[in-house]
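Chains as they are written, first to last, in the working numbering: chain A, 1 to 442; chain B, 1 to 442.
Not close to chain A: a few residues of chain B, all C-beta gaps over 10 Å, as computed:
(1) Lys-231
(2) Asn-250
(3) Ser-296
(4) Asn-338
(5) Pro-397
(6) Thr-426
(7) Val-433
(8) Gln-436
When the alpha-carbon atoms are kept at most 30 Å apart in a straight line, the in silico DSSO-like pairs for lysine-lysine are as follows:
(9) Lys-342(B) - Lys-292(B)
(10) Lys-260(A) - Lys-385(B)
(11) Lys-395(A) - Lys-316(B)
(12) Lys-395(A) - Lys-29(B)
(13) Lys-26(A) - Lys-153(B)
(14) Lys-371(A) - Lys-292(B)
(15) Lys-29(B) - Lys-28(A)
(16) Lys-260(B) - Lys-372(A)
(17) Lys-409(B) - Lys-371(B)
(18) Lys-372(A) - Lys-372(B)
Don't read these hints as lab results, they were simulated from the structure. Predicted model only: the values in this text are computed from it and were never measured. Cβ coordinates follow ideal geometry from the N, Cα and C atoms, glycine included.
Residue strings, one per chain:
Protein chains: 2
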Amino acid sequence: MKDKVVPRTLSGFMELMPQEQILFNKLKKIIEDVYSSYGFYPIDTPVIESSEVLLAKAGGETEKQIYRFNKGDNDLSLRFDLTVPLAKYVASRYNDLIFPFKRYQIGKVFRGERAQKGRFREFYQCDIDVIGNETLSLMYDCEIPSIIYDIFKNLNIGDFIIRINNRKILSGFFESLDLTNMITEILRIIDKIDKIGIDNVREELINLKIPTDKIDKIINFITIEGTNEEKINKLLESDIKNDIFNEGVNELNFVIKNLKSLNMNENNYEIDLTIARGLDYYTGTVYETNLKDYPSLGSVCSGGRYDNLASYYTDKKLPGVGISIGLTRLFYQLCESNILNKEENSVADITVLPLTYNYEYVFNFVRELRKKGLKTDVVYLDKLKQLIKYADRQKTPYVIIIGDDEIQKEIAILKNMKTGKQIEVTINNVVDVYEQDLNNKM
Amino acid sequence: MKDKVVPRTLSGFMELMPQEQILFNKLKKIIEDVYSSYGFYPIDTPVIESSEVLLAKAGGETEKQIYRFNKGDNDLSLRFDLTVPLAKYVASRYNDLIFPFKRYQIGKVFRGERAQKGRFREFYQCDIDVIGNETLSLMYDCEIPSIIYDIFKNLNIGDFIIRINNRKILSGFFESLDLTNMITEILRIIDKIDKIGIDNVREELINLKIPTDKIDKIINFITIEGTNEEKINKLLESDIKNDIFNEGVNELNFVIKNLKSLNMNENNYEIDLTIARGLDYYTGTVYETNLKDYPSLGSVCSGGRYDNLASYYTDKKLPGVGISIGLTRLFYQLCESNILNKEENSVADITVLPLTYNYEYVFNFVRELRKKGLKTDVVYLDKLKQLIKYADRQKTPYVIIIGDDEIQKEIAILKNMKTGKQIEVTINNVVDVYEQDLNNKM
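My request is simple: use the sequences and hints to build the entire structure.
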């Protein structure tokens, strides 16, 4: 006989205890419900793709992290994000899709990063994007913050701020300073401002050999203060002469104005000219989202507008705007920061403990509860002591006990496990009594 | 500049069009809702596991199909089912879990099979199992058919029959015929009866060199006819002297009796002594499920009772009972057989077409609809013609049109796209009018 193998899960792979998983799924469902309430399609692309297709654009650091292997004659890779699969999806189905194409995808992606605390090699991304055919209304740049807003309102994990900028403003501004050939480097430095602070940004700009007067202008520019309206006015009134800059300011103005019409609370969004979103993928509006009480978590939801989703697959111009939430990492951070309580999550609403072999009687109650949408767990264990221990450890808020005495009296005992209160219920009033007690408690 | 790469999806990997995906997700949600209504935990194990752990038990055909590769020093594999991950999960968390441990998992598994029509290399399995610590009540063998029953009632894809047997009955019977050393082969042949027919079963048994009189006994035995009660009575009254056989008959009797108490419709389940479930994994009750009008689809939901979930990881005895639905294949079959209509599935309940730049007015309607849980798609396209085309192609059942005229009159136009009927609505009655029209129609 074979020796036993030690069962274990690889490091860098999140696998949760049952009660933690309940909580994780709740967050995932909130995100999915908001995404779908906006009428976006749920798309599900394969985990495995042809390496040629998946790596059409990739390079450098990303490519090193990819899980790539051969099976038969096929050179295969696991998806490392949900953007390339979206590009593939849209480019290959261009003639059959309806544009603007609104889709979300929630799924695992894979990156063989160096293992470290809070970094995962397999993690959920929750992406939502809208893709236009040749053009895409700027109104979608307004819809995206509205989606972020609904999600973080519903997640209920504390106050948050959506920080909004437009890449054209920065690019145009740097062009006006004759720094066109350094835009990518400068953006990358500015993007780090939250982590390294303003003084280090200045230092790094000096290292780029940018003249001090221009560095002063840059620092002054990105740290413009005031309300959103004041910032917009300063931008509109600035003496910067550059077409890209002006386009960016007009777009930002449009977006901010319409967020107001969307009835979003102004405390939850702000113009922040330091938001650059490192990569050169984004071309217009960009977003980051922070939890106000936990700035150290960094951005928990980011994205932006891009001119061309799938230039490596097609000549069609496919502009889009979207965001991504790295749910696995976010969940980990929320638990580490004690914003979420992993322990107290029961899967069932009610646990039924039969102390009888008259299951027909028991099932009548169970059916009644499930019919009303209550998650009902029935436990079969031989000893009363085992049953009580089970119910205690599951932390189900309510228990129903049915023994032969109860059957005689045509009742069941409903017990509130928090208060210890026990109530006699009948098949006809069990749901009502449960709901009354539940609502009293809250 | 790089040449364009042709975007494509690998063969054997299901990737659906948006409206097909809506339908697929509906089925998945029905299964998940039933699973969770029984108070089972949703578990989510990694796609990637250490090969040593994942292949602790595997061998032969399965091992050849596995996606296995190295990354750094690690020998990794993609999960090929959800049973081994469950065994790993329970064995490694034995001290922290509450038993009986009730879990479901819905996720993709991977098998590098030869590509052929209706076979997938990446497919969803929807598994549900309950695992006991040392012992597990036979009542769970009754709960499982009840879960199958609820799922196929809710899926609403036609009449179905759950076929139930007990492996001990067959094993004991063959023992009583002195065929103990051939049990596995015989079971494997009997298991094919639906596909190859009774005559070929006889033929194959003859090839095993089983004496004709015993073959006759086998054939007569597995084709016992009658109602469930009649079959049970024949088994109880049989002159077969074997302890395993008697145990099996008593278990089957218990399960069938309690299914009645569970109030399941007797047309939807039957004792079928030909159900063997090939592999030697199962040790007691076994289940298969067929769509009555589509027998050629084979079993669409199978499973059973096993004595030992994780013997390759642990000495602990972990008996369990569960089922699995291969959703990707089932969905494919249902579409191929025209049981499902892939085309007519709209993601949104209502599509809003703004023919105005007064978005504040538009958003007031949108918010009202979303607040009531209606999936509301707002489309921004420049031309009226484009908007109409979009709405037509999306097949959204209702459209709301708001132009400046409507704003003047403080109304919106609600259009039923099936009947063509247009109704003037206000912000205060839009939801009510929509619901009235929707219910009239149905």
